[in-house]
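Asks: Given next are the chains, with one letter for each unit.
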Amino acid sequence: MNPVNYLYLAALLFTIGAAGVLIRRNAIVIFMCVELMLNACNLAFVTFARLHGNLDGQIIAFFTMVVAAAEVVIGLAIIVSIFRSRHSASVDDAGLLKL
Amino acid sequence: MSFPLLTVTAAVPAAGAVVTAAVPAARRTAAKWLALAFALATLALAGVQLARFDPDSGKPFQLTESHAWIKDFGVRYDLGVDGIAVVLIALTALLIPFVMLAGWHDADPLEGPAPNRRWRPTQGFFALILMVEAMVVISFEATDVFLFYIFFEAMLIPMYFLIGGFGDRAGGRSEEEAAAQRSYAAVKFLLYNLAGGLIMMAAVIGLYAVTAHQLGTGTFSLQEIVQARADGRLHFATVTERALFLGFFFAFAVKAPLWPLHTWLPGAMGEATAPVAVLITAVVDKVGTFAMLRFCLQLFPEASKWATPVIIVLSLIGILYGALLAVGQRDIKRLIAYASISHFGFIILGIFAMTTQGQGGATLYMVNHGISTAALMLVAGFLISRRGSRLIGDYGGVQKVAPVLAGTFLVGGLATLSLPGLAPFVSEFLVLVGTFSRYPAVGIVATLGIVLAALYVLVLYQRTMTGPVRESVRGMPDLRVRELVVVGPLIALLIFLGVYPRPLTQIIDPAVGRTMSQVHKTDPKPDVPTAPTNDVEAAK
Amino acid sequence: MENLIGLLVAAPLLGAGLLLCGGPRLDRAGHWIGTLLAAVSFALGAVLFADLLGRGREDRTLTSHLFSWVPVGGFRADVGFQLDQLSMTFVLLITGVGTLIHLYSVGYMEHDERRRRFFGYLNLFLAAMLLLVLADNYLLLYVGWEGVGLASYLLIGFWQHKPSAATAAKKAFLVNRVGDMGLSIAIMLMFTTFGTFAFGPVLAHATDAGEGRLTAIGLMLLLAACGKSAQVPLQSWLGDAMEGPTPVSALIHAATMVTAGVYLITRSGAIFNAAPDAQTAVVTVGAVTLLFGAIVGCAKDDIKKALAGSTMSQIGYMILAAGLGPVGYVFAIMHLVTHGFFKAGLFLGAGSVMHGMNDEVDMRRYGGLRTYMPVTFVTFGLGYLAIIGFPGLSGFFSKDKIIEAAFAKGGTEGWILGGAALLGAAITAYYMTRVMVLTFFGEKRWQPDAEGNAPHPHESPRTMTIPMVVLAFGSVFAGGLFSINDTFLKWLEPVTGHAEGNSPVSALTVTIGTMVVLVLGVALAWAQYGRRPVPVTAPRGNLLTRAARRDLLQDDFNHVVLVRGGEHLTRSLVYADHTLVDGVVNGTAASVGGLSGRMRRLQNGYARSYAVSMFGGAAVLIAATLLMRAV
Amino acid sequence: MSHAAFVHSLWTMSADPPKKIPAPHIEYAQLSPTLIVLGAAVLGILVEAFLPRRLRHPVQLLLSAVGLVAGFAAVIALAAGGYGTGKAHIAAMGAVAVDGPALFLQGTILLVSLIAVFTFAERRLDPAAHGKRVDSFAAQGSAVPGGAAEQAAVKAGFTTTEVFPVALFAVAGMLVFPAANDLLTLFIALEVFSLPLYVLCGLARRQRLLSQESAVKYFLLGAFSSAFLLFGVALLYGYAGTVTYAGIADVVNGTVRTVDPALASTTGNDALLLIGGALVLMGLLFKVGAVPFHMWTPDVYQGAPTPVTGFMAAATKVAAFGALLRLLYVVLPGLRWDWRPVMWGVAIVTMLVGAIVAVTQTDVKRLLAYSSIAHAGFILAGVIAVSPDGVSSVLFYLAAYSFVTLGAFAVVTLVRDAGGEATHLSKWAGLGRRSPLVAAVFAVFLLAFAGIPLTSGFTGKFAVFKAAAQGGATPLVIVGVLSSAIAAFFYIRVIVLMFFSEPKADGPTVAVPSALTSTAIAVGVAVTLVLGVAPQYFLDLAGQAGVFVR
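Chains as they are written, first to last, in my numbering: chain A, 11 to 109; chain B, 9 to 548; chain C, 179 to 809; chain D, 2 to 551.
Since the hints were made in silico from the structure, they are not lab data. It is possible that some hints are incorrect.
DEER-style ranges, computed between Cβ atoms [what the hints assert, rightly or not]:
{"#": "1", "chain 1": "D", "residue 1": "ALA506", "chain 2": "B", "residue 2": "PRO511", "range": "54 to 60 Å"}
{"#": "2", "chain 1": "B", "residue 1": "PRO448", "chain 2": "C", "residue 2": "ASP734", "range": "32 to 38 Å"}
{"#": "3", "chain 1": "D", "residue 1": "VAL531", "chain 2": "C", "residue 2": "LEU244", "range": "58 to 64 Å"}
Please read all numbers here as calculations on a predicted model, not as lab measurements. Note that beta-carbon positions come from the ideal geometry of N, C-alpha and C, so glycine has one too.
Generate coordinates for the entire structure from the input sequences, incorporating the hints supplied.
Replies: Structural data, given as structure tokens:
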């Protein structure tokens, strides 16, 4: 089948992820959605790599995973700390800073 | 290279500001004397400038200094004075010491513990005055548009602190009220002028863009641009020139101030202490009118001519409008402020009448208005400081208890209504004649201004000084020695310049002639050429 | 010799400087210094007069150029003097009468603690007035012109603690300013027309200019004259000016300053001669004013105001004469001089009366004073006879000539003017008789003043009587002296020029006519006030009387139209300035603030809404980029 | 050949035994600034691991200071070695550019970070807790605010000395960011400096809830935006088949047409290019805080520990704008006619929104945040003028602006009351009476922000607008001028508050800082005035540095 479809899939995933970020309240879930977006990017990368017939994209994908992992570390740490102090992981509760 | 007289003239007060500000809190009086000394030194230097200035040398600018400064912006540190600048510098240097003397006690800290050991209002006051002087002087001297612009703008900051930081004693109002109104006035002053300045900045950038595009290297040097225009290397597209002109003129019109951009002035002059008010109207605002004459006309002659009708009308409105509002004021200082608006109308009218008499008169007017307003405003300040109120209604019959004060006040007033024999008459008449000879109708309408001037001055005098002695002014002390020292010389000067303005006109005349020639304008000729003989005998 | 001219002006100026800046240490000697310096300039005037007489008729013009005053471009104003017969006449009148009145004031102002300053002002006035008549160009004349205005302002308002006085002073100055406007516009016109405003060239080349231009100049000069000489429509200030001390009224508002207008017109004769329309305007103003003043004079009970009305009317005569051109110039000046004598005398007399009556001014409270103050009575009486034109006295000669000249104008115009002049003469006789009778005849109608102390009429001190006597001599003989084989005419002619008018009625007829109306006027007045007792409080009187008492409603007009209107205008402008002009500015600021407040709410603190904005932003960014490519 | 066959060929190709990948050739010397800083950071971690607490603070301070100074020295050395101009080239197999802009910005970043580190290390402002001097960072980031653990930590006088190495990592990332010469490096660098910043934001000692909240917001939004950026990278890769700037640029300019027609659906497909470019652009605009990607700025600036805010505000902007410049000037110049209008819009909106919203702010830090947005707009105006002048003006502006910002935030740390820093404007009333010096200094910074002549702010603004005007973006200049006028209003407001309104009774106290913060502020003032009065030398520097290597 035509690999271009993978691109459509990637776009779809990316959009789903983005929508999730916009819709969901729970910080963790939002964060997961971001991860989803990143992975959508990965999919795009490998597909393009495939189309172009070079390895750059695939390598980039690995980098992305590492970065994602790093983000997880930082992100979870932050989210956990705020959860512990507020007993809620809802981003909508974190509304002290505004205007 | 020769002695950098111009730089020093500006540097001395600047240094004075620093030194004064550094005087420890306890040594208030010392600081005052120090500041005064610096101001006098500046005056001396201004005198030297006058002495070394040769009116009849063909050069457009004299005592010039020129150093590279920011070559990326094509900015040079170019100083130079023509007849107009040198006179205005002298005026500035002359007024500052009087301003200081008049405001000798204005900035003494109120009773009670100082909020902090570093709190030194007095030092600040005098330092700021010196700072303003330095900036005004250098903007008179700058022949580089950018250099001028920088100080034209920077000047606002010390002025702003002077207006907002030091006001009259509260008078009728509560301290908070007074402070609030004061800072409102200060902010208004600053924003108004800042807006003007920023718009001018756009124009300045535009000017650079044009010069850079046409001359290869962008330049701000007035002479260079004028020269380039003269020999055709530089040519503004009509639209561009007009846009740039408007950009410049707007800033100057705010500063001057020209109707309808005047609304900051009454507030600022009303809230500031009398000496600061004098600083505003007699010194700082002059930079605006001066800049019209030097930059608007010389950089954009065509656009200036294009805009003339509108500007003439606006200044005409300003003359009558200012006078009428002055009549309607209840607050002495605001009254004087509106009177000044009317006078600035005359000045701008004279500048854009594009006749030798008009522009010469306008320049002379700047000087005379500076002195006369100073006299009137400072005496008013003395009066206000005695009673703590700015309302005309709170006075009456002062001449009975303080005849000298009343007398000086009257003289100041008469100068303001430009009574013949006093300096302002000469300039006002020159402006009128200059305008009349090109725009008779305008000249006639403007003449109404002198009637209205009489009205507001005499009404002010009658309400405050004459009539039965009010309880509130009973026992009011007459002028003290310090105050006499301030007013006396000013009045003497008013009379002298009224009788013998020649020394000034001699210096101004060639400069004005040059400006005229750069605008390619010549005076209208009389219909009936009278025999030359009388001209000759008049000339001698 | 020329240098003396400068001194002429300098002397009183010096006096003014000394007395005004001298401070209290001069309080004791001040008045004498002032008088002395006035006398000095009179002496100088006399010397110069002698010198002029010594010269041939044609070269009786001295000029002295002091320095170039305002040289800017083609604009050259100089400080220079020109003394010819015309200015000489004025110099003598001013310094002479001036000195006398200084002397008079020494007594009159004895009890005023600010006497020094009073004399300072008087000297200032002398200086300014001399400058006015000696200037050799219009701009310098203008300086003197406003200078006398200032002096009169200071002197009218001399008793500043009286609000009425302060107001009157202000009014005088303002009305004069309107006139001055005319003068300055005239000067501008001259400058644009001739490129100069020095008497010499302007008058020499007057005929070269277009008539329209000349008419304009003439009208502007007339406006100036109206202001200074209290002619309709700018006469309203003179009556109030009587708030000033009486010597002031005598010197400034009778003898000298108010006649400056006549001087101006006569001096500018060359211009008016070439602008008939302007002349018509002048004679009209003159005629109207002479009747107006006379009528007002009839209705006033305040002796000084009555005299003020008379002054107006007499100057009306002069203006009328001056407007007639070469026919009248000489007589205008002649009447001016004689009037200077008798009117000053009358005022001084009035002052002396007031002096004796605790400053009571209401003639209805005088009566029968002739026995109490004989000298005043006699001198006042002579002045009276002079002004009504009693044969042989000064007024007779000068006024008669003017009436002749008026008729000589010819045509209906001539008849109208002549008639007006005659009528004026009649009314003059009437109201002056009225004054005379009310004051010196009839029974005593004195009343204790506000403090309740009844007046003790008494003759005034020497310092006051002597000047009155001298002036009385003047008012008796001046006219005669001038008319004996036309001395005065010959004296002035070189300057003003002279033309014999061809009158439709013979001189004799005119004289008889004047006599008749004179008798009528006197008789009527006597019938009204001499025969039956005079009510102490003025009767309501008919409409005309009431109007006349209020200066023929001129003030009311001014009040309603100018003052009220002005107040409304300024008030609304103040409002507009605050709401409109400033409102725009503040409005902008406010709207920015409002906008800011609204936009600020977008920052609602919810991370997700931020994300939305980012997402949206990204969408827009992409869309825009694609769009850019599309277009 | 048929489509299927083509696909098959791909399969088989990848099935071949992998070729030997040649070891990349790395010019370590030319990367030394980054490497030094990274090294220092790593050492810092070790220090945390092995040194006793009481020693950590001084050692960390010393270490990072030395590291940064050394890094700066290295930059100078490279510049002196002509890498800024003549020998400028692409290092590390095309991953990193060593050229004028890169070096200039790296130098700026290093200096700024050095100053920032000083403010990090300031320990005299907060009252000593239990006899131990503490800085503005949480005793223990992990502890629950107000919880027992935290109290214990405070009692023990713990301080989070990890901030130093963490900050150093961020710096390292920032150093690479403007030098990154392919999209991958760009992305990695972005993450490398972002992640530490997220952490730093959450470490405030006082008002920890705010601090953590800011961290969360920053993190989530940051991650979100970097996801966009990454997707953009993907698309660009898809478009050009490479992620190196030069490669992409070539395809954009059409010099290379690598494709066999079957790939036409992707390669050289402008849709990919435009969308991808837009997304990458967005990622960068988020970092510079341009509208509409600015909304994190106020919250984060307010919540983060003030020293960190200063650091972020200054250094991040420099790095991000550097990257933006390179992207627009090296990768997308061929696309100028597509992105310029868009950027115009962004710039205009940014200037106006920043200025207008700031008018009604009541918190100093938020105020400065909005002002930073407005300034981002001004800088964008310079970026858009596609000319060497534009580049150098932006470089100069960044240098000038970053020092002012640092100084301003450093002053903010001084004004304190019981609850820590008193950032609400009402508390600043009458500061000029209480401590004229501090107020005066702050006034100087504000005036510089407002662009009053004789301050660096004016010179920078002038340079940028001048470049824009010459680049034919007159409308931008007009809008810029107008928004500066609006901006002036709120700067002035603060000055009024400080000098002309009566001090409150319960007003804040002004802490007397140690040499560290004093230095920071002093440097800020000095740079502000020098760049205002005698900017020529630095303009020259920026001018020489104004050329990108391709």
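Asks: Compare the structure with each hint and give your call.
Replies: Hints, one by one, checked against the model:
| no. | hint | in the structure |
| --- | --- | --- |
| 1 | D/ALA506 with B/PRO511: 54 to 60 Å | 59 Å, holds |
| 2 | B/PRO448 with C/ASP734: 32 to 38 Å | 34 Å, holds |
| 3 | D/VAL531 with C/LEU244: 58 to 64 Å | 59 Å, holds |
Hint violations for this structure: none, all hints satisfied.
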